[in-house]
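**Student:** Residue-level listing of the chains:
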Amino acid sequence: MKSFTIQEINALLKGDLIGTTNQIISGLEQLENANFNQISFIGNSRYVPLWQTSNACAVIVSNNIKIESKENCAIIKVKNADLAMAKLLEIYSPEPPQFEVEIHPTAVIDETATIGAGCKIGANCYVGKNVVLGEGVILYPNVTIFDETIIGNNTTIWSGTVIRERCEIGNNCIFHTNVSIGADGFGYRPSEDGRGLTKIPHIGNVIIGNSVEIGANSSVDRAKFSSTIIGDGCKIDNLVQIAHNCVLGRSCIMAGSSGLAGSVTLGDGVVIGGASSIKDHVTIHSGAVVGGGSGVMGDVAPGKTVVGYPATDARDMFRQWVALKKLAKS
Amino acid sequence: MKSFTIQEINALLKGDLIGTTNQIISGLEQLENANFNQISFIGNSRYVPLWQTSNACAVIVSNNIKIESKENCAIIKVKNADLAMAKLLEIYSPEPPQFEVEIHPTAVIDETATIGAGCKIGANCYVGKNVVLGEGVILYPNVTIFDETIIGNNTTIWSGTVIRERCEIGNNCIFHTNVSIGADGFGYRPSEDGRGLTKIPHIGNVIIGNSVEIGANSSVDRAKFSSTIIGDGCKIDNLVQIAHNCVLGRSCIMAGSSGLAGSVTLGDGVVIGGASSIKDHVTIHSGAVVGGGSGVMGDVAPGKTVVGYPATDARDMFRQWVALKKLAKS
Amino acid sequence: MKSFTIQEINALLKGDLIGTTNQIISGLEQLENANFNQISFIGNSRYVPLWQTSNACAVIVSNNIKIESKENCAIIKVKNADLAMAKLLEIYSPEPPQFEVEIHPTAVIDETATIGAGCKIGANCYVGKNVVLGEGVILYPNVTIFDETIIGNNTTIWSGTVIRERCEIGNNCIFHTNVSIGADGFGYRPSEDGRGLTKIPHIGNVIIGNSVEIGANSSVDRAKFSSTIIGDGCKIDNLVQIAHNCVLGRSCIMAGSSGLAGSVTLGDGVVIGGASSIKDHVTIHSGAVVGGGSGVMGDVAPGKTVVGYPATDARDMFRQWVALKKLAKS
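Residue numbers (the UniProt record's numbering), protein chains in the order written: chain A, 1 to 330; chain B, 1 to 330; chain C, 1 to 330.
Calculated from the structure, these hints are not laboratory results. Among the hints, erroneous ones may be present.
Heads up, the list lumps identical chains together, so a pair's fine if it works in one copy or across two of them.
Pairs of lysine-lysine residues, derived as BS3-like cross-links and limited to a Cα-Cα distance of at most 27 angstroms, are as follows [what the hints assert, rightly or not]:
#, residue 1, residue 2
1, K66, K79
2, K304, K325
3, K325, K87
4, K326, K66
5, K79, K325
6, K326, K77
7, K70, K325
8, K199, K2
9, K304, K66
10, K329, K199
11, K325, K120
12, K66, K77
13, K87, K70
14, K199, K14
15, K325, K199
16, K129, K79
17, K2, K129
18, K304, K129
19, K66, K329
20, K325, K66
21, K66, K87
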């Protein structure tokens with residue numbers, strides 16, 4: 001466990017130190033649960049009362065919040081306590097799991113694959129024909145990468161994840177556990193005898209930009225033709241479905257259990273709330289926000305916030321909810 | 001296949017045997033599908049008519065249900081036919097998949113790991129540094145356990161499941177296939193240049209109590225700091241998302257495809273219906289029930305039942321649905 | 001990359017060729033993105049204007065759509081441009097990932113397993129006791145098949161997928177990555193001391209018919225007793241949950257992130273829209289359609305379309321939405 005003095009922490013945060021503590025600070029914790037060698041934080045004034053009874057030896061507080069000092073305790077005033085906390089998490093971050101050897105002898109790596117300098121490949125991984133791994137790529141145990149796929153520098157792939165053939169992955173990406181990239185899209189045509197369905201081949205691929213993170217057990221399907229595209233900086237949570245031929249711009253956010261049907265387009269900076277689903281061929285323009293649990297049936301204008309099912313301008317939908325409540329009581 | 005006489009079954013169930021059968025009973029089945037050497041059950045009087053035409057040689061019936069006997073067939077009257085059926089499933093339960101050898105030679109186990117007595121570890125598993133497995137832990141093939149994780153006695157982990165580093169798992173738990181435990185929580189802050197998002201490290205872990213069951217393809221994220229906690233006896237179904245810093249009390253139930261956003265708190269005995277989602281930072285107090293398909297936006301009082309989107313007291317919501325139906329017809 | 005002349009393509013599609021092109025056509029692409037050696041298609045007249053500015057050297061157009069020819073470009077008129085496009089995808093389809101050896105030496109295959117002629121088994125697979133693989137079965141790396149399971153001819157199973165013991169899988173099926181088949185159903189009874197829940201054993205299995213496709217990260221639970229059944233020709237998308245004892249007829253479609261609770265019955269040709277959920281014990285009769293994002297609480301009559309939450313006849317539900325919108329504005 002790493003530990004720091006209050007002075008070291010204050011120097012990192014470039015804050016104003018009020019009072020001091022001699023404790024060596026070994027971590028951070030909420031006010032209610034902190035012990036004497038932990039630091040806490042207050043980003044909202046409603047948590048101030050918890051400071052009086054907290055065991056934390058120090059607290060980081062946003063400048064606009066009034067707080068009283070306590071004996072033998074330190075207060076660090078900063079512009080934004082939440083951001084300061086995120087910075088502290090970085091310095092307290094423990095080392096990720098280590099590799100005994102760079103390339104584990106049980107990994108099966110095709111002789112035609114190109115493995116960049118500094119790559120680490122764990123036990124029982126499979127790396128197919130003509131795969132190209134950039135520099136510093138980490139494959140934890142039990143990862144499967146299929147033929148012709150290209151993975152950029154410093155991308156990390158956790159166990160159980162499978163990336164299918166001919167996909168292109170950028171630099172500095174993180175794929176969490178049990179992710180599926182590049183499975184066939186979901187498309188069928190009536191069979192010749194009219195009695196069933198015939199699979200439409202999906203001959204495209206998935207292209208993922210730089211600094212993309214994809215959560216555990218999520219899936220991104222390959223395109224029917226051309227590519228399913230996830231732009232630079234997109235952050236995808238767990239159990240998210242992204243169907244064939246979707247195109248996501250830069251820095252979109254999709255929260256847990258949400259999903260895009262086929263050929264959905266997201267602009268830049270779109271936010272999709274948890275458990276929301278978007279109908280096929282819909283476009284959600286840049287800066288738009290879809291509230292959690294919504295079902296989006298049509299295009300959403302830039303910067304607009306929609307919510308509900310079918311998803312509607314948020315203020316209109318709130319009015320509908322209020323009107324219905326009133327109606328039921330009348 | 002195991003088989004029992006009607007007398008053996010009646011003794012187990014401590015029921016009242018009416019009539020008898022000479023059949024050796026080799027299993028249980030619904031009335032419509034049963035054959036002569038199977039036993040069936042009736043827990044609801046509407047199924048009584050099926051008894052006359054069923055091929056089953058015996059039937060277990062709740063005491064409060066009237067039923068006529070048939071020649072060469074047996075009826076066992078019990079307090080609760082559903083519970084009796086559950087007991088029968090136990091005695092008819094086949095052996096789980098067997099291990100040829102206790103520790104398969106293809107499993108990669110770090111030399112610093114502690115493996116309790118009677119553990120079984122299947123082909124191609126990975127067990128990292130300083131992992132501690134209690135006694136009688138079963139890892140089926142292709143399981144991945146990362147560094148410093150501790151797993152209690154008699155816990156069973158099915159194939160494809162990945163448990164990340166520094167997690168703590170109790171005794172007698174069951175993790176089904178392709179589960180993800182301890183992936184990073186979903187948290188970002190605006191990047192310094194204001195043009196993207198920077199990952200917030202998640203340095204906490206996941207703590208899971210005793211007798212917890214987690215369904216196939218579900219995920220439980222590690223905490224930002226401190227722990228994501230799942231209390232003793234919780235039962236989590238398939239494709240469920242539990243985000244970072246959630247805290248579940250004892251014996252909560254989450255049905256399939258449901259999800260908790262970050263920092264949700266569930267009391268004891270909370271029931272979350274299938275495909276429901278709960279907004280971040282919401283508290284659902286002990287004994288509360290969330291109906292299937294709901295979207296919960298705010299706290300739920302103890303013992304209360306809510307349903308719909310946004311989730312509301314069930315009776316109020318039913319009134320809203322009725323009122324809207326009436327309005328649309330007027 | 002495969003390539004064809006316009007004459008070869010026209011012969012395959014049995015279309016009417018208008019104009020011609022000397023380009024060797026190496027693939028297909030949307031009008032906006034196509035380059036000179038690609039062919040595009042128009043199945044809806046609103047895309048006709050894109051043809052004038054497209055770089056595509058050829059376009060496939062449905063007979064009923066009016067379009068003007070361009071110099072050095074070809075037009076192929078067909079009955080249905082979408083179906084023609086699906087046929088083209090077949091001829092342009094690249095080879096799937098190849099196997100260096102038929103049975104990879106790192107695969108762990110129990111000596112009691114039966115492996116049909118022409119099977120291919122990838123690195124680090126596990127095949128348990130008495131498993132029977134028909135002819136031409138393909139297991140990509142890191143697949144796990146448990147004891148006594150039977151898999152039909154020419155079925156393909158992608159990496160990360162786990163099929164539990166005693167399941168029966170038909171011919172010509174495709175299981176995508178990280179699928180879970182045969183995990184225990186979700187069922188408990190109050191424990192004897194009344195303070196918790198006791199697991200109900202699930203001693204049944206999963207039976208899957210011929211030509212069934214199951215998407216990435218989906219799960220199908222085994223039955224409490226008897227079988228969870230998926231009929232011939234069903235197509236299941238990604239992240240779909242099918243609970244214990246569900247019975248699906250022939251050629252049902254379940255789109256992404258949808259789910260069936262326990263003991264749901266689907267007739268033949270039922271369509272379940274994306275992100276929809278169906279309550280336990282509900283029957284959805286043949287030919288019925290459930291719109292995306294719906295929550296179905298009760299039985300659905302044959303051929304009927306329902307939508308919304310709780311799901312209602314589609315026309316009635318649209319009227320409700322309109323009425324509510326009007327009410328909120330009044």
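**Student:** Next step is simple, just say for each hint if it's right about the structure.
**Tutor:** Hint check results:
| no. | hint | verdict |
| --- | --- | --- |
| 1 | K66 <-> K79 | within (13 angstroms within a copy, 63 angstroms between copies) |
| 2 | K304 <-> K325 | both (25 angstroms within a copy, 19 angstroms between copies) |
| 3 | K325 <-> K87 | neither (44 angstroms within a copy, 46 angstroms between copies) |
| 4 | K326 <-> K66 | neither (40 angstroms within a copy, 47 angstroms between copies) |
| 5 | K79 <-> K325 | neither (41 angstroms within a copy, 43 angstroms between copies) |
| 6 | K326 <-> K77 | neither (46 angstroms within a copy, 51 angstroms between copies) |
| 7 | K70 <-> K325 | neither (48 angstroms within a copy, 55 angstroms between copies) |
| 8 | K199 <-> K2 | between (55 angstroms within a copy, 20 angstroms between copies) |
| 9 | K304 <-> K66 | neither (35 angstroms within a copy, 37 angstroms between copies) |
| 10 | K329 <-> K199 | neither (51 angstroms within a copy, 42 angstroms between copies) |
| 11 | K325 <-> K120 | neither (58 angstroms within a copy, 57 angstroms between copies) |
| 12 | K66 <-> K77 | within (10 angstroms within a copy, 70 angstroms between copies) |
| 13 | K87 <-> K70 | within (24 angstroms within a copy, 60 angstroms between copies) |
| 14 | K199 <-> K14 | between (60 angstroms within a copy, 20 angstroms between copies) |
| 15 | K325 <-> K199 | neither (46 angstroms within a copy, 40 angstroms between copies) |
| 16 | K129 <-> K79 | neither (52 angstroms within a copy, 40 angstroms between copies) |
| 17 | K2 <-> K129 | between (42 angstroms within a copy, 19 angstroms between copies) |
| 18 | K304 <-> K129 | neither (45 angstroms within a copy, 49 angstroms between copies) |
| 19 | K66 <-> K329 | neither (43 angstroms within a copy, 43 angstroms between copies) |
| 20 | K325 <-> K66 | neither (39 angstroms within a copy, 45 angstroms between copies) |
| 21 | K66 <-> K87 | within (22 angstroms within a copy, 61 angstroms between copies) |
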